[in-house]
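Peer 1: Required output: the full structure, derived from the provided sequences and hints.
Those protein sequences? They're chains A and B, same order as listed.
Position one of the first sequence corresponds to residue 2 (the numbering used here), numbered consecutively onward.
Position one of the second sequence corresponds to residue 174 (the numbering used here), numbered consecutively onward.
Read the hints as simulated data drawn from the structure, not as lab findings.
By construction, the Cβ of each residue, glycine as well, lies at the ideal position given by its N, Cα and C atoms.
A couple of the hints might just be wrong.
Stated by the list, open to error - Partial pick of chain A residues on the chain B-facing surface, computed with a CB cut under 8 angstroms:
{"#": "1", "residue": "His10"}
{"#": "2", "residue": "Arg16"}
{"#": "3", "residue": "Leu19"}
{"#": "4", "residue": "Gly189"}
{"#": "5", "residue": "Gly190"}
{"#": "6", "residue": "Ala206"}
{"#": "7", "residue": "Val210"}
{"#": "8", "residue": "Val223"}
{"#": "9", "residue": "Ile224"}
{"#": "10", "residue": "Val225"}
{"#": "11", "residue": "Ala232"}
{"#": "12", "residue": "Arg237"}
{"#": "13", "residue": "Asp316"}
{"#": "14", "residue": "Trp317"}
{"#": "15", "residue": "Ser320"}
Said to hold, decoys possible - Cβ pair distances, simulated, as ranges:
{"#": "16", "chain 1": "A", "residue 1": "Asp65", "chain 2": "B", "residue 2": "Gly255", "range": "46 to 52 angstroms"}
{"#": "17", "chain 1": "B", "residue 1": "Gly255", "chain 2": "A", "residue 2": "Arg113", "range": "45 to 51 angstroms"}
{"#": "18", "chain 1": "B", "residue 1": "Gly255", "chain 2": "A", "residue 2": "Thr73", "range": "49 to 55 angstroms"}
{"#": "19", "chain 1": "B", "residue 1": "Ser250", "chain 2": "A", "residue 2": "Gly76", "range": "45 to 51 angstroms"}
{"#": "20", "chain 1": "B", "residue 1": "Gly255", "chain 2": "A", "residue 2": "Val310", "range": "22 to 28 angstroms"}
Said to hold, decoys possible - Residues from chain A that face chain B, not an exhaustive set, calculated with beta carbons under 8 angstroms:
{"#": "21", "residue": "Arg6"}
{"#": "22", "residue": "Thr29"}
{"#": "23", "residue": "Val34"}
{"#": "24", "residue": "Ile192"}
{"#": "25", "residue": "Gly202"}
{"#": "26", "residue": "Asp208"}
{"#": "27", "residue": "Thr211"}
{"#": "28", "residue": "Thr233"}
{"#": "29", "residue": "Ser234"}
{"#": "30", "residue": "Ser235"}
{"#": "31", "residue": "Ala238"}
{"#": "32", "residue": "Ser268"}
{"#": "33", "residue": "His301"}
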Amino acid sequence: MMLTRRDEHARAARRLGLSVCDWPALGTPAQLVVTAADAMADARAAVERVLRDIDLAASRFREDSELSRLNTAAGSWVPVTPLFARALQVAVDAARWTGGLVDPTVGEALIRLGYDRTFAAVPAVAGPLRVRVSAAPGWQRIELADGRARLPVGARIDLGATAKALAADLAAAAAAEAAGCGVLVSLGGDIAVAGEAPAGGWPIAIDDVTDLALPADEHGQVIVIRDGGLATSSTRARRWQRGGVELHHLLDPRSGLPARGPWRTVSVTASTCVLANTASTAAVILGADAPGWLRDRGFHARLVGADGVPMYVNDWPRS
Amino acid sequence: MTDLHTRRADVADRARAVERVRTASRVAGVGAVAAAVGLTVALVPHATGAAASDSSTSSTGASTTGAPSAGSGTAPSASDGGGGSVAHSGGS
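Peer 2: Here it is as structure tokens:
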């Protein structure tokens with residue numbers, strides 16, 4: 002019988018004295034690993050509370066989310082909760098940190114390319130599109146102050162690049178506090194750890210795509226982290242086709258089209274998952290200059306080219 | 174004189190518009206995209222786009238100074254390979 006990645010995680014967890022579970026959330030596999038099996042229930046309850054709140058605040062695919070209300074009311078001030086304000090501020094910070102490479106105002110471009118509903122419901126193949134090549138409206142035009150937010154007229158935001166990573170950071174912290182042990186939270190490969198790590202650290206497989214049902218031996222490398230966050234951005238994930246054109250979800254805000262750089266997958270570790278995800282996404286969009294960009298900022302990273310050959314930055318383990 | 178100024182302004186506007194389209198085209202590889210893979214692409218310059226800028230002020234008043242450092246996270250280490258993995262990090 003074929004061993005899946007899920008099976009591999011369960012076996013490795015047993016061997017290391019850890020406990021693991023996974024379930025679907027935020028349109029992606031959520032995974033929780035704890036160092037104390039009897040704390041799993043408390044840890045999972047804490048994670049699920051965070052995911053429920055983030056989904057209600059920042060989902061682009063729920064009409065009742067704060068993000069949907071803000072998008073619908075572009076041009077007007079809209080009251081926002083502290084959690085949504087934080088998610089929006091994180092997205093704006095990510096845009097500022099990356100000089101606009103990671104820009105939440107690509108929402109309208111994503112919709113025009115066909116990613117207009119939860120990804121599982123997006124038709125994998127459909128007819129040709131007519132698209133406009135134009136820069137995103139620009140994160141600088143997002144206004145956030147005194148519990149209110151306003152988007153420029155005609156703009157829609159998508160927080161996919163940062164909200165999932167923020168959720169991982171918040172969920173890991175909440176779970177570690179609730180369970181009183183070491184925890185790892187993965188949301189589709191956006192990983193945050195908190196609490197005391199296992200003696201040997203957290204062993205994590207690096208892949209193009211996070212899919213727990215794939216065969217266990219199909220992954221690139223296993224590394225170990227002890228704190229902070231790890232994120233992977235890949236043009237191999239969330240792909241669809243229009244008029245014979247392969248599209249993916251990592252849009253270049255300068256054109257509103259899928260990034261076409263030399264890197265198919267970039268993995269980064271950092272002090273938080275938000276920071277790791279921001280850097281990995283920016284690297285895919287930046288393209289050829291990404292290794293130097295990451296190196297200069299002290300990120301440890303693994304970049305995989307279209308030919309599948311990995312390149313390593315700073316102290317990412319070579320193997 | 175006014176007409177000449179107007180014409181000069183038109184020429185300058187057109188030149189700026191053409192440059193914006195060229196920039197967007199370079200970024201997007203528009204020719205290749207349109208011709209090779211079947212997308213119908215309309216080139217429309219966007220007057221207000223400023224997403225690639227890294228030197229302005231955000232809505233919160235903070236100055237933009239480029240990307241931060243990686244923070245205090247420690248570097249990952251190599252696995253001994255024998256223990257397997259408890260999670261995956263890939264695109265999603």
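Peer 1: Each hint needs a verdict: does it hold in this structure or not?
Peer 2: Status of each hint after checking the structure:
no. : hint                                      : in the structure
1   : His10                                     : holds, 5 angstroms
2   : Arg16                                     : holds, 6 angstroms
3   : Leu19                                     : holds, 6 angstroms
4   : Gly189                                    : holds, 3 angstroms
5   : Gly190                                    : holds, 4 angstroms
6   : Ala206                                    : holds, 4 angstroms
7   : Val210                                    : holds, 5 angstroms
8   : Val223                                    : holds, 4 angstroms
9   : Ile224                                    : holds, 4 angstroms
10  : Val225                                    : holds, 5 angstroms
11  : Ala232                                    : holds, 7 angstroms
12  : Arg237                                    : holds, 6 angstroms
13  : Asp316                                    : holds, 4 angstroms
14  : Trp317                                    : holds, 6 angstroms
15  : Ser320                                    : holds, 6 angstroms
16  : Asp65(A) - Gly255(B): 46 to 52 angstroms  : holds, 48 angstroms
17  : Gly255(B) - Arg113(A): 45 to 51 angstroms : holds, 48 angstroms
18  : Gly255(B) - Thr73(A): 49 to 55 angstroms  : holds, 53 angstroms
19  : Ser250(B) - Gly76(A): 45 to 51 angstroms  : holds, 50 angstroms
20  : Gly255(B) - Val310(A): 22 to 28 angstroms : holds, 25 angstroms
21  : Arg6                                      : holds, 6 angstroms
22  : Thr29                                     : holds, 5 angstroms
23  : Val34                                     : holds, 5 angstroms
24  : Ile192                                    : holds, 5 angstroms
25  : Gly202                                    : holds, 7 angstroms
26  : Asp208                                    : holds, 3 angstroms
27  : Thr211                                    : holds, 4 angstroms
28  : Thr233                                    : holds, 4 angstroms
29  : Ser234                                    : holds, 6 angstroms
30  : Ser235                                    : holds, 3 angstroms
31  : Ala238                                    : holds, 3 angstroms
32  : Ser268                                    : holds, 6 angstroms
33  : His301                                    : holds, 5 angstroms
Checked against the numbered hints listed earlier, the structure breaks none of them; every hint is satisfied.
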